[in-house]
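Novice: Just so you know, the protein sequences line up as chains A and B, in that order.
Numbered according to the numbering used here, the first sequence spans residues 1 to 156.
Numbered according to the numbering used here, the second sequence spans residues 1 to 156.
By construction, these hints were calculated from the structure, which means they are not laboratory data.
Computed from a predicted structure; not experimentally measured.
You can trust all of the hints, since none of them are fake.
The list cannot tell twin chains apart, which means a pair is met if one copy fits it or any two copies do.
With a straight-line Cα cutoff of 25 angstroms, these simulated DMTMM-like cross-link-like pairs (lysine to aspartate or glutamate) come out:
{"hint": "1", "residue 1": "Lys77", "residue 2": "Glu128"}
{"hint": "2", "residue 1": "Lys125", "residue 2": "Asp115"}
{"hint": "3", "residue 1": "Lys134", "residue 2": "Glu91"}
{"hint": "4", "residue 1": "Lys49", "residue 2": "Glu28"}
{"hint": "5", "residue 1": "Lys49", "residue 2": "Glu91"}
{"hint": "6", "residue 1": "Lys138", "residue 2": "Glu128"}
{"hint": "7", "residue 1": "Lys134", "residue 2": "Asp115"}
2 protein chains.
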Amino acid sequence: MPRGHCRGQGWWRGRFHGCGYRLTSGREAILSLLSSSKGHMSAEDIYMKIHTAYPNVGLTTVYRTLELLFDLGMICKLDFGDGRARYELAEGAQGARHHHHLVCTGCNRVVEYTDFIDKEVELLKETERGLEEKYHFKITGHVIQFYGLCDRCSGK
Amino acid sequence: MPRGHCRGQGWWRGRFHGCGYRLTSGREAILSLLSSSKGHMSAEDIYMKIHTAYPNVGLTTVYRTLELLFDLGMICKLDFGDGRARYELAEGAQGARHHHHLVCTGCNRVVEYTDFIDKEVELLKETERGLEEKYHFKITGHVIQFYGLCDRCSGK
DNA sequence: CTCCTTATTGAAAATGGTTTCCATTACTAA
DNA sequence: TTAGTAATGGAAACCATTTTCAATAAGGAG
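Assemble the whole structure, with the sequences as input and the hints as a guide.
Specialist: As structure tokens, this is what we get:
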């Protein structure tokens with residue numbers, strides 16, 4: 001247990017109550033799905049997967065919950081350029097390591113890589129500092145993504 | 001004249017004909033606007049600016065032309081996360097230098113920086129090679145962007 | 001220059017992911 | 001229980017981008 005904020009199935013309960021939000025079954029279902037699956041799911045993916053067990057959770061609620069979780073910093077919102085947002089648990093929540101994405105523009109497959117990350121992060125930090133100073137920005141985040149064709153797609 | 005493919009107002013004519021495309025006044029207007037202005041314009045921005053001089057060029061044509069120019073590699077399509085795509089002339093066309101973007105999430109202002117670029121590009125190349133080898137991807141592009149709050153927006 | 005083929009066009013309708021509206025339901029504290 | 005408020009879902013609204021389709025115009029052939 002590296003940090004104090006991840007003890008199993010319900011570590012987020014306090015996080016909600018602490019902000020005056022209620023932990024409803026829909027929210028729990030979404031959060032639980034996100035933390036048990038690896039992928040990068042769209043709102044509709046999530047809606048579909050949850051719908052079997054929770055037929056009464058609507059797509060609207062999925063969107064609203066995702067927005068809330070994003071605002072609370074519990075999840076990341078990703079854009080792979082296919083017109084729909086994807087979501088994944090923010091790092092630190094699970095044993096999730098910092099990673100970046102490699103996206104196939106042919107089949108939309110996404111590889112998350114952690115190789116090379118150390119040097120990337122180091123450079124990023126440095127650049128960040130430089131940019132903050134020169135342009136007087138308070139930098140809050142970055143996106144690094146590579147695009148290309150995976151083996152299947154480049155072989156025609 | 002550093003390279004042979006940029007001689008003034010009409011360097012793209014051959015580029016079109018060579019591919020069997022026709023050079024129409026709408027296309028010329030859009031391309032000309034893009035090469036004379038610095039910013040990152042959305043399709044609608046372009047439509048508006050052109051509309052004064054070419055009232056008969058519709059928004060549909062703007063979208064279609066931008067798609068064509070993008071496919072021809074003559075322009076870049078950018079996503080700053082505000083729901084609409086932006087476009088800028090691809091580098092090499094003008095004296096345009098390679099740059100990355102710093103986006104203010106408060107007011108959507110975009111700064112393009114060229115500082116730090118050299119080290120970034122170097123690292124990117126390296127990472128690219130590593131990723132290609134390890135994941136058997138043919139990498140065609142990348143996105144690096146920093147997000148934050150500019151001085152005006154961070155001062156509340 | 002004129003004709004002909006075919007790329008290109010604009011207006012309007014369609015698309016599709018995401019948000020908003022609004023009346024209803026479900027917590028929570030007292 | 002009761003009031004006050006957060007949360008919900010279904011339908012409608014939004015809005016950037018695409019598609020449809022009949023009308024038009026670019027550019028090569030003659």
